[in-house]
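Chemist: According to numbering that gives the first Met the number 0, the sequence shown holds residues 0 to 122 in order.
Hints were generated in silico from the structure; no laboratory data involved.
Given the structure is predicted, the values throughout are model-derived calculations rather than measurements.
Keep in mind that the hints are not guaranteed to be accurate.
Claimed, not checked - The following label-pair restraints were derived from C-beta to C-beta distances:
no., residue 1, residue 2, range
1, Ser51, Leu12, 39 to 47 angstroms
2, Arg10, Ile71, 21 to 29 angstroms
3, Gly58, Ile19, 42 to 50 angstroms
4, Lys16, Arg97, 39 to 47 angstroms
5, Ala69, Glu33, 21 to 29 angstroms
6, Trp110, Thr56, 24 to 32 angstroms
7, Ile19, Arg97, 17 to 25 angstroms
To be verified - Taking lysine to aspartate or glutamate pairs in the DMTMM-like style, the calculated list, with each CA pair at most 20 angstroms apart, reads:
no., residue 1, residue 2
8, Lys109, Glu33
9, Lys16, Glu26
10, Lys13, Glu3
11, Lys109, Glu26
12, Lys16, Glu33
13, Lys13, Glu39
14, Lys16, Glu3
No residue lacks a Cβ here, since even glycine has one placed at the ideal position from N, Cα and C.
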Amino acid sequence: MLFEAGPAALRILKTGKVQILGVSTLERFPLMSEVPTIHESGVQGHEASTWSRICTTGGAPESAIERLSALIVQSLKDPAMQERFAGLGAPTVGNTPRQFGDFIREEQTKWVGLVRAMGAGVR
């Protein structure tokens, strides 16, 4: 059994040597729309995804963070950029630093809870 992110999974699928049983996002993966989600396959509420972010060092001026964020969001809205990411199977989000912080806190809550429910430790 293997859990792999979208772009790498596409390469593996093209070899014809493995069968993909499901994707771990709540929505079907656009480049493999025939593959059901794990949620659709019976594991209700299952969601795990990969994501990327751009960070600054601690103490960066808020004005610099906001300017950098605005430029990144603007570039992600460019049709050529969206097409490039879509071809890699990587959707673009382009949220604000505050929204991303909220997302990270939600992820931490979800995964720490799961690890503890399994009886494992969290450091």
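Chemist: Now tell me, hint by hint, if it's right for this structure.
Modeler: Hint by hint, here is what the structure shows:
no.	hint	in the structure
1	Ser51 with Leu12: 39 to 47 angstroms	violated (22 angstroms)
2	Arg10 with Ile71: 21 to 29 angstroms	holds (27 angstroms)
3	Gly58 with Ile19: 42 to 50 angstroms	holds (44 angstroms)
4	Lys16 with Arg97: 39 to 47 angstroms	holds (44 angstroms)
5	Ala69 with Glu33: 21 to 29 angstroms	violated (38 angstroms)
6	Trp110 with Thr56: 24 to 32 angstroms	holds (25 angstroms)
7	Ile19 with Arg97: 17 to 25 angstroms	violated (35 angstroms)
8	Lys109 with Glu33	violated (28 angstroms)
9	Lys16 with Glu26	violated (25 angstroms)
10	Lys13 with Glu3	holds (14 angstroms)
11	Lys109 with Glu26	holds (18 angstroms)
12	Lys16 with Glu33	holds (17 angstroms)
13	Lys13 with Glu39	violated (23 angstroms)
14	Lys16 with Glu3	holds (15 angstroms)
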